[in-house]
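Novice: Here's the letter readout for the chains.
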Amino acid sequence: MAFEPNEEQKVLKYDELRIYTDEELNNYTDEELKEFKCKHDIPDMDELEKGPWPSFVADCKREALHRRNLADDRMMIDRDVVEDMLGQLQVSFDEGETHWKHGGIVGVFGYGGGVIGRYSDLQERFPSIAHFHTMRINQPASKFYSSDYLRCVCDLWEYRGSGMMNLHGSTGDIICIGTFTEQLEPIFYELGHVLQQDLGGSGSNLRTPACCIGKARCEWSCIDTQAMCYELTHYYQDELHRPAFPYKFKFKFDGCPNGCVASIARSDMSFIGTWKDDIRIDQEAVQAYIGGEFAPNAGAHAGKDWGKFDIEKEVINLCPTKCMWMEDGKLMIDNRECTRCMHCINTMPRALKPGVETGVSILFGAKAPILDGAQMSLLTIPFMECEPPYENIKEVVEKIWEWWPEEGKNRERLGELIQRQGVAKLLKVLGIPPMPQMVKEPRSNPYIFWKEEDVPGGWGRDINDYRSRHAI
Amino acid sequence: MEDIKEAILAFAEKSKKSKFYFNDIQKAVQKVIPDAKAKPIKKAATALINEEKLIYFSTGSSTMYGLKGRGQTEDH
Ligand code: HEM
Ligand code: HEM
Ligand code: SF4
Ligand code: SF4
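Chains as they are written, first to last, in my numbering: chain A, 1 to 472; chain B, 1001 to 1076.
Careful: at least some of the hints might be erroneous.
[Said to hold, decoys possible] Here are the simulated PhoX-like pairs of lysine-lysine, each with C-alpha atoms no more than 25 Å apart in a straight line:
1. A:K399 with B:K1027
2. A:K399 with B:K1037
3. A:K409 with B:K1039
4. A:K428 with A:K353
5. B:K1031 with A:K451
6. B:K1027 with B:K1016
7. A:K409 with B:K1016
8. B:K1037 with B:K1053
9. B:K1005 with A:K394
10. A:K409 with B:K1005
11. A:K399 with B:K1019
12. A:K428 with B:K1027
13. A:K399 with B:K1039
14. A:K399 with B:K1031
15. A:K409 with B:K1031
16. B:K1068 with A:K101
17. A:K50 with A:K37
18. B:K1039 with A:K428
19. A:K101 with B:K1005
20. B:K1043 with A:K425
21. B:K1017 with B:K1037
22. B:K1016 with A:K425
23. B:K1016 with B:K1053
24. A:K330 with A:K304
25. A:K399 with A:K425
26. A:K409 with B:K1019
27. B:K1037 with A:K428
28. A:K409 with B:K1037
29. B:K1037 with A:K394
30. B:K1039 with A:K101
31. B:K1053 with B:K1014
32. B:K1027 with A:K101
33. A:K353 with A:K313
34. B:K1031 with B:K1068
Don't read these hints as lab results, they were simulated from the structure.
Just chain A, with the same shape it has in the complex (with noise of 0.2 Å):
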């Protein structure tokens, strides 16, 4: 189905929106960069510079002659933050501590949301820092930019922030790093307004969703996840912006069991394109892998000599059910038995497609460590039907919002209340039956309580009736 905006887009000009002229962007040499010393002195900032990796530093430092070069009124913040910035974290080195304040009551009216707070203790030393708040840019699907639109966001920062930015945070936002109070009006005022662009989530809200990317280019993609996100980033608005929940809860959203959003450990709920039907199989394409006409993975590894492609040994064996065989010189897999792991379908991409009955896979609680140690989602719905406008998919959101705020306590995630009431209120949550496969290990997480109405006799049952035919 084509993609439908749910308001009407304008397309997006730099040279109708641009801030700045191309020589005020191009306004250092290569020789003043060489020579260039911020105004504090930080040695161990100029050490994380050396080595083989790119560093922030070299990025800072760079944004610090421009801005030095900039003329005053063309920043609304002091030009000096990036070199205070600097200056704090080198004596935060030295020091062993943050100087960094946490928290307060900065926003924008009516949000609750997207912009966190953030003040220098060390106003005195370093008074262009003194605020220093992040705000968070709700990036489009799959990351998906024009570069004016990029440039856009970069000129309003520079204009009216730090000109410090991190593309992208965990959750998928574009991370703009230190601004002033007074400029959070503006900029949510121009990015509102004149590029159609919200903020992200903070707090205890939903957190900005994110997708893989999906039917746009990957052809394993069995889910739209795209249009997914984009659909439920809408239609939760009012979550995202407005704090009523007893943490943060994340959404994302993988096209196939890659997932390379890494939804199953980064999110409270994970959504994983799947498929029910059977792996397509090309077998001629399987012949010319095994006879080396095709290069496996894609030729991926192709930067090594691995020696000839074995079917063997590097997929059937490797197959974590061991579903895969030769017959007659045809490959055959028991679907019945396939995980979905992806492995065989990532090695001979052009003899093996996942099916076409496609859906998603929703699992729950995954989160970093915070209480209890790292977690991964847990896979409670095998597959569900998954179309426009998602009907069923929110139906299952909302379960579990009338759960988690109301039983989850201050500060815990999804996965903790699933961990403290156990999988099977998770299961009476949801209405939906348990799985085999739920069972990590016998003991530690059973799944099964008896309730009073299915034992015979019930609770009060004479155990010394039992007893008389089952001796100890």
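Since the structure of chain A is provided, determine the placement of chain B with the ligands on it from the hints.
Specialist: Relative to the frame of chain A, chain B with the ligands by itself:
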């Protein structure tokens, strides 16, 4: 809606703390209005934010609500 708003403000005014989690607001409202559901309570809290009677307080990872003018009134 109006009764929920009143309950929220009454709770915020007599609370010893200057900031509270949404959960605490919800529990306080449900003490006065037992059949109030989470959604209308959230709507009422949002309305109070828009009327500038309540403020959000966020650390970045979690968010709390406060009465405007109480506790931290400066923006830092
Ligand atoms: C259809 C037949 C069976 C089913 C569906 C079944 C199912 C289960 C399940 C679900 C558990 C895990 C319980 C927990 O979470 O604590 C379990 C544990 C166990 N089962 Fe079975 N079982 C079956 C037959 C048998 C038989 C025939 C035996 C022995 C002769 C047996 C011996 C055990 C033992 C010893 C454990 C405990 C393992 C441990 O604690 O490490 N089961 N069984
Ligand atoms: C010299 C012989 C044996 C020794 C030293 C031995 C030792 C053990 C030990 C140390 C455990 C772990 C207990 C725990 O972690 O709570 C265990 C569990 C168990 N053993 Fe044995 N065992 C022996 C023979 C057998 C035999 C002959 C059977 C079956 C006919 C058996 C069935 C089991 C079962 C089912 C469990 C699991 C109990 C449960 O999950 O609660 N064992 N055994
Ligand atoms: S998760 Fe799957 S569908 Fe999405 S980009 Fe990665 S390989 Fe393609
Ligand atoms: S997808 Fe994985 S489990 Fe399924 S047949 Fe291929 S290798 Fe085996």
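Novice: Are any of the numbered hints broken by this structure? If so, which, sorted upward?
Specialist: 4, 5, 9, 11, 19, 20, 22, 24, 30, 32
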